[in-house]
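> For chain D, the structure is supplied; the task is to place chains F and E on it using the hints.
Chain order of the listed sequences is D, F and E.
Position 210 of the first sequence, counting from 1, maps to 191 under my numbering, and the rest follow consecutively.
Position 16 of the second sequence, counting from 1, maps to 25 under my numbering, and the rest follow consecutively.
Position 259 of the third sequence, counting from 1, maps to 261 under my numbering, and the rest follow consecutively.
Quick caveat, the hints were computed from the structure, so don't treat them as lab data.
Note that the coordinates shown come from a computational prediction; the quantities given were computed from them, not determined experimentally.
So these bits of chain D aren't anywhere near chain E, every CB distance computed over 12 angstroms:
{"hint": "1", "residue": "I31"}
{"hint": "2", "residue": "D46"}
{"hint": "3", "residue": "G81"}
{"hint": "4", "residue": "A89"}
{"hint": "5", "residue": "L97"}
{"hint": "6", "residue": "L116"}
{"hint": "7", "residue": "V161"}
{"hint": "8", "residue": "L174"}
{"hint": "9", "residue": "T195"}
Below, simulated PhoX-like cross-link-like pairs (lysine-lysine); rule was C-alpha separation at most 25 angstroms, straight line:
{"hint": "10", "chain 1": "D", "residue 1": "K220", "chain 2": "F", "residue 2": "K99"}
{"hint": "11", "chain 1": "D", "residue 1": "K225", "chain 2": "F", "residue 2": "K99"}
{"hint": "12", "chain 1": "F", "residue 1": "K104", "chain 2": "D", "residue 2": "K225"}
{"hint": "13", "chain 1": "F", "residue 1": "K146", "chain 2": "D", "residue 2": "K225"}
For every residue, glycine included, the Cβ atom is placed at its ideal position computed from N, Cα and C.
The chain contents come next:
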Amino acid sequence: MLSFLVHRIGGMILTMLAVSVMVFAIMELPPGDYAERYMFRKASGSGIAITEADIQNVRVKFGLDRPAPERYFNWITNIVTDFDFGQAFAYETTVNKVIGDRLWLTLAILYSTLILTYILAIPIAIYAAVRRHSLPDYSLTVFSYLGLALPNFLLALIMLYISVTIFDTSVGGLFSEEYVGQPWSWGKFTDLLAHLIVPAIVLAWSATALQLQTVRSTMLDELNKLSVTAARARGVPEKRLLLKYPARLAINPVISTIGFDVNRIFSELPIVALVLSLPELGELLIKSYLDLDMNVAGAILLMLTFFIVVMNFVSDLLLALVDPRIKLQGG
Amino acid sequence: MMMTAETILSFENLDVSFKTDEGMIKVLDGVSFKLEKGRTLGLVGESGSGKSVSTRCAVQLNARNIRIGAGSRIVLTEQDGTQTDVLSLKPNSRKIRDIRGGEIGMIFQEPMASFSPVYTIGNQMVEAIRLHRDASKKQARELAIEMLRKVGISSPEQRIDQYPGELSGGMRQRAMIALALSTNPNVLIADEPTTALDVTIQAQVLDLMRSLQQELEMSIIFITHDLGVVSQVAHDIAVMYLGKVVEYGSTKEVLKNPQHPYTQGLLKALPNVDHLEDRLSPVGGDIPSPLERPTGCPFHTRCPQAISGLCASSMPAPTQLTDKHEVSCHLLTQQEAAS
Amino acid sequence: MSTSEMTNETRKQQDAVKYYTASQWQLIWWRFRRHKAAMVGAIVLLTMIITGVFAEFFAPYGPTTRDSKQVYSAPQIPQFWDHNGFSLRPFVHGVTTKRDPVTLRLIAKPDPETRIYLEFFAHTGEDYDFFGLFKSDLRLFALDDPKAKIHLFGTDDLGRDVFSRVLYASRTSLSVGFIGVMLSFVLALVIGGIAGYYGGWTDYTIQRGTEIIRVIPIIPLYMGISAAFPPEWTNIQVYFAMTIIFGFLGWPTLARRIRGHLLSQRHEDYVLAAELSGASPYRVISKHMLPSFTSYIIVDLVISFPYIILSETALSFIGLGLRPPSVSWGILLQEGQNVRAIEQAPWLFIPAAFVVVAVLAFTILGDGLRDAADPYQVADK
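Just chain D, with the same shape it has in the complex (with noise of 0.2 angstroms):
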């Protein structure tokens, strides 16, 4: 047990790490640098004319006269060991102070739409492949390819259209324009569970969609295998017998790609946060990403791989946990 956790904690590390000089390649990939933006940006408001001499000082002031090398060691040694990101440019302020209260959200967002994946998933896959053949069963065939045809943003926008037209109020944003820039309160907090609903099942369309196939096939297997045959040999009653044996290992595949389904929804957050307009980090990112405030982006494209890490760590030992077949051990 000790052996597998300094072992996979290392190598989450070292993934880490790997991640870390990727992201600051695409944070270096834009033309121009970060000194150009800043004083353009700066003097396109004050009309006053911008010399090299100008952004050479910007440079040296961030450091940015520094070969890369020593540029990407500074960068991650302050977010290492300071948790700071920098300066962001089209905010002129830090990275950390533009953050704020998204990066919460977006868990929020994640966790509410793992949840309603699952609750959704596993119970009704199970329910279809048991009642295989059946209506339901087919429903849920036509459900899964519709699921995974209709990206989720367009079914956002349909929501919105939907909400608009004919229900005459916007199901767009996080929280009710009363509680906007206010201090936390019980009744800021029971807004915001309210304006998760949209877009956890949004996002949840397509988890669900492809969770109800595996755990179907999944649950469809176990089904058929002999020790299921042989409990009910022993005369075990029906519903017992199915909740016992198959359905408990019709799960381990939903827990061995809970950082996978994390990875998904984070790769489709961004656009579908920009359509529902949640202020969270995947619309922070399409906006920093149109105003090149690489920074930013960086920060972000970090935070969320990093949940990503950890929710494949966390799914290696949920596994390890529910399944007396899988040992933990380093290697």
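Only chains F and E this time, still in chain D's reference frame:
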């Protein structure tokens, strides 16, 4: 002195088909045989002959697309003496669940696959015991340990908390037997219990089953395709071919004096220590697909002694040779008619 | 035996001979034909591809041709009858445009009294240049009144014909998908091939590298790359840069499959035999090992289409993919990005149906092909 044995499980005129996309597939055609109290019946035949399907009918364990003929009956004499037609019970009713495990226990070919890998041996045994016997969790655990000891598992107090994956193959088969017997069934259906085992372990398990039978006075149906195994454990034999019992009788009678060409063929295919120089002669041809069931006697397509014009068109009726020896073959009906 | 029985018997035998001597591809085709849904999927896709490739012919107007008189005009459906009676030739009603006195916007209103008939294989006078091969103005259909225009799916804010734009967009989106899939195939073949053939530490390094790429959420990563495209790039440059990005999207899964197969076949005797007779690794892989699972590769390629199409739609939708005046499904949907626009002109959402139908068709076709290509599958319906 020959005692008229008491029948504990009797299969009467069992007709079974499966409903598939290709239409109805007939798998059992008027199968009848009896299991006598305290004896072992060897059910012999190639794969696809309907051995497993017929025994699984006795506990209603077949797939949902099964269709059983109206005239079929499987009569079970329960421990309290009442007689029940198992086929008349509602699926998954209380009664059939009591019979499963409580009256009829089953063990299977794959010991690994018949345990769930994610629960301990003890968990699955205690569950079964408490379903059929009035026992507290603690008592059930005691009973389970005792049963594990009985089947020859060393230090059962520790083994009981292990997962099936942690036991060796022979150990698992022993545990499987313990699991099936822990609920005190009168009848044990053993579906090729030794096929997946090494020869030495196979012998141990057969030994174990024999001694347990004597100790617990059980009746056993032993399904196998191996006549060698059957001759070691069975008192009686029913030979099945393509959903029909072609020959039935005491092991001695059937092996010494086989009357059906199929039984004769099977015996010729066995290696014989006394005649090692002889070549083995397998039964020629392949078992036909159940989709294309032959008309008449199902064996006529492979029978070396088929009577042309007769065997392909009509099904032979069973001929009673002795009290217990019954054969369904036109060769015998012809002889009878001639004499 | 009677003659009819005879012919029946011989036909049966011929069928059997045909079955046993059929090539693998024939067997796959026979099995595939039985899969109704997949056949429908294939036909839908073929229609999309053909109308996309020959968009110049099938679309009544160019993708950027404006009809300033009809801005945000509703879809017109050709009719065969109205209150004035029945007509064998389909027609649409004429449109009169008026300026709204309050908003000062032009509003198109159908006039039920005038009929304008459809003309098929019409010379419209608007020339197009078909891939630089020839110039023509022949189109599948147009209105016989050259001053009137037909908008099957309505028009957008600039008065461009949504139907024509969707056809051109299908061409772009499907071609991005096609090139993207081919690129990922080549990448997968090279990388998966090297990993699977050499195994050992080469394999290990490639595996770890792939894992790291796979852990970063893919769309945000590619948004970052496309954000870096210089603004001065032409549409063609952006188009090819995007296809390269999408090519990178699909390869890890495919590479894993190829690697797995190669690893499992690595120690088969026929591979050893080929190596002993001096075949190069390239030859061993391409001539001996890959053909045994070509059908699986094709299935994998077909089912990776939807991912690329959806990604293109998503990236172009938020303005980080292809750029106007290119037309793709994502770009068309961009116009319907805000709810107010859709509220005003719901037909701007029609391209979404094309995305959904295309993805559905690819998925169902892929499923059908997989069932047909798998020789070991149990008939399990």
